[in-house]
Amino acid sequence: MIGQMGSGLAQVVVPALVGQSSTGSFWLPPPDSVASWAVDNAFHFVMYVSYFFFALILSLVVLFVFKYRRRPGVEAVKTVKSSLALEATWSLIPLGLTIVMFYLGFVGYVELRSPPDRAYEISVLARKWSWQFTYPDGTIDNNLHVPVGEPVRLVMTSDDVIHSLSIPAFRVKMDVVPGRYTRTWFQGKEVGAYDLYCTEYCGTGHSDMLASVVVHEPEDFQAWLKAAGDVLGNNPPAKAGEILFRRHGCGSCHSTDGTPRVGPSLKGIVGQTHTFTDGSSAAVDENYIRQSVLEPGAKVRQGFRNQMPTYKGRLNDQEITAIIQYIKSLN
Amino acid sequence: MSSIQSSVPLNYLNCQRGFMSWALTLDHKRIGVMYLVSIMASLALGGLFAMLIRTELIAPGETIVKEDTYNQFFTLHGAIMIFLFILPGIPAALGNFILPIMLGAKDVAFPRLNLASYYLWLVGAVFFLVALVTGGLDTGWTLYVPYAFQTDTRVLTAGLGAFILGFSSIFTGINFIATVHTMRPPGMTWMKMPLFLWALYATAIIQVLATPVLGITLLLLVGELVLGLGIFDPAKGGDPILFQHFFWFYSHPAVYIMILPAMGIMSEVIPTFSRKHIFGYKFIAASSVAIAFLGFLVWGHHMFVSSQSVMAGTIFSLLTFSVSIPSAIKVFNWLATMYKGSIALDTPMLYALAFLLLFGIGGLTGLFLATLAADVHLHDTYFVVAHFHYTMMGGTLIAFLAGLHYWWPKITGRMYSEFWGRLAALGVFIGFNLTFFPQFVMGSRGMPRRYHDFPDKFAIFHFLSSLGAFLTGLAMLVALAYLLHSLFRGRRAPANPWGSATLEWQCGSPPPKENFTDPPRVGDPYDYDDLKYDAENECFVPMNVSP
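The listed protein sequences correspond, in order, to chains A and E.
The numbering used here puts the first sequence at residues 1 to 331.
The numbering used here puts the second sequence at residues 1 to 547.
Don't read these hints as lab results, they were simulated from the structure.
Since no wrong hints were added, every one of them can be taken at face value.
Straight-line distance between alpha carbons at most 30 angstroms, and here's what the computed DSSO-like set of lysine-lysine pairs gives:
1. Lys239(A) - Lys328(A)
2. Lys236(E) - Lys312(A)
3. Lys328(A) - Lys312(A)
4. Lys457(E) - Lys189(A)
5. Lys299(A) - Lys66(E)
6. Lys78(A) - Lys192(E)
Which residues of chain A face chain E? A few of them, derived with a C-beta cut under 10 angstroms, are:
7. Lys67
8. Gly108
9. His206
With the Cβ distance kept under 10 angstroms, some of the chain E side facing chain A (calculated, not the full set):
10. Pro146
11. Tyr281
12. Ser322
13. Ser324
14. Pro326
15. Ser444
16. Asp453
17. Phe454
Backbone N, C-alpha and C define an ideal beta-carbon position, used for all residues, glycine too.
With the hints as constraints, model all of the structure from the sequences given.
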């Protein structure tokens, strides 16, 4: 109750005080989620207080250095060595201001951590180094598709190390921790595409662990979900393989244009003979690709380190077949 | 040769010669100098990694190295700068040299413990170097689990190194506490003690109370790596968030180990170069102790988005704001000290003024991060990187440079070139701001930290930041050059070149082995009335004693 009253107050009064605009500021991206105010009000209040105090320190330093610079024959003037009134002033004014900061931050934090009851729930699985979003109907994708104007709750966990899901435009950030579920939520205000980053350091591909948040009109979202649902039924095998390749985040480590990344590029590999770290070699065929998907450590190419998770249980046989067709099409 | 020796009075540098006279010395001054050389070598190594990081990030995409190498660069930069340079930097190097002389004492309370702390530092540093050359470290300096369990870099070696360095820090802390308690001269009550000593005393309390927790954490980490205990690893039923609590329970108080001595240097340099009594002595002294105490209660502010509960986050936010008040008190008291003073812009004072502005920005941007909602947006972005560099580099490193230039004549017996000193200070100030201010902008716009690559919209900020880093590096090299030059060609330093009233300026520069031949005159450490400028010898002399 108090939180609600507080958030109402913070939502109305503070924007008026700090002159918040809907197009963002020099510092912050445009506030594209309905809860962006929670961050922006607190940020802007602290910002104006900081401007004031920095200007005060800077002008006093410049003024004193100029006015009281050492000159021959001019001695320092004795002033009082201490003043309780002054100490009280510059303790209590900052104390009051920090209490306001705390309050704005607290109200906003409660808002950011409290999803509305009727939110659309999407499961998030983070792993080195891609995101997997699972929708209520079982559809999965590597990008986050959501309907505009509807609150979305993310229930997140990690397969390996700690990651963190960050969407700056929505002021969303929450760590994704192995062995437990964490939650966050947002509600997109405008149709568009937004950046999603991993913000907890997670190793080699940390800076490639990116995704898009695509905010659709509600009917477009339903159409997307329907089309995305039955990949194998709606697409020829190679095309379905390409979609699955993208959705499962394979592209974070394997390029399709010949550039080696964390893993080898897949362009034109079918029919090549590869040498492995143990010195043996083999020709790339369907069985080799299938084995590499299910047991990534079995055959590791020379010049690379095995960092790939197994896809056993994540991809079924038809899906692997489709991905093999896609890799063949890269020749 | 003999004529030179006869013109230089016997001092701690020339009283004994040879390697063993240094390696087995119990003289706090020689130990301080050994620390000083060691931590400056660490600074150079950490700085080299900083240059490599900024070279990689000068443009999007791969510039000089691949991801894995870059991850090692930022890890080693952080680990070396924190464990080998900033933590021991001011207390163990400058503090060791100055603290006993400021007390008018012959040495610290436990000279052997002091030497032991140096050798522990050296062993810890060797562990770090072994880790570096045998496979490196790529966990970030924070060693977060479970990543630290899964990497094949040298977590165990580096962890043991940090464990040993922790004991070095504890030894220094114990020594300083005992020395301040037992060795103050007659007439120097607690409330007449120079503020640098108050700062070192408060620091020592944190070193002694917080560092054991780092030791426990690292032992548990090692136990997990070697024995598979399953305390932190979720794969074995452990809790990775527990590690973060353990880690920050030490590492947040540790940032006050880094900044408090820096504040102590400000409290010496500002009144000296303003020729004015420090303003609000009791408040500055008390705020050091308050920061040391409150610093133990705020570690959870590193974990607002870690899945820590909302209640815990709220309490930690509230407590975090409480630390900002004593810091603000100090800044205003230093400004009030300058009011109506006679301000000389010598190199130490230039660094002190730079500290006021840079630490001002560092402190104010800390308020954004203490504010719960704002931190959700800013956590783990370049905003945080910029904030802690404004406090740790703009604060501690700048204060270290202020202290180094202030006490350089005392330590080495030589004056450096004032012209080059001021020029380098200006270069560091401009270069530093060019490096880190753009990081606030890109951070608040969402640029995550520890990224090898970045979107084009952040390219201009990274470019400016890299230019600034190169300028800072160049200015630091200039500083190194004129300081080294001064050792050979510098004018011989007088006892009191700046007109300071603390006791270390009553003994010769460099001090004799026993520090004082006659007992020093203990008075108000901030009363400059009895010192007058002697233009002929370019130094300050007491009025009541004939020069």
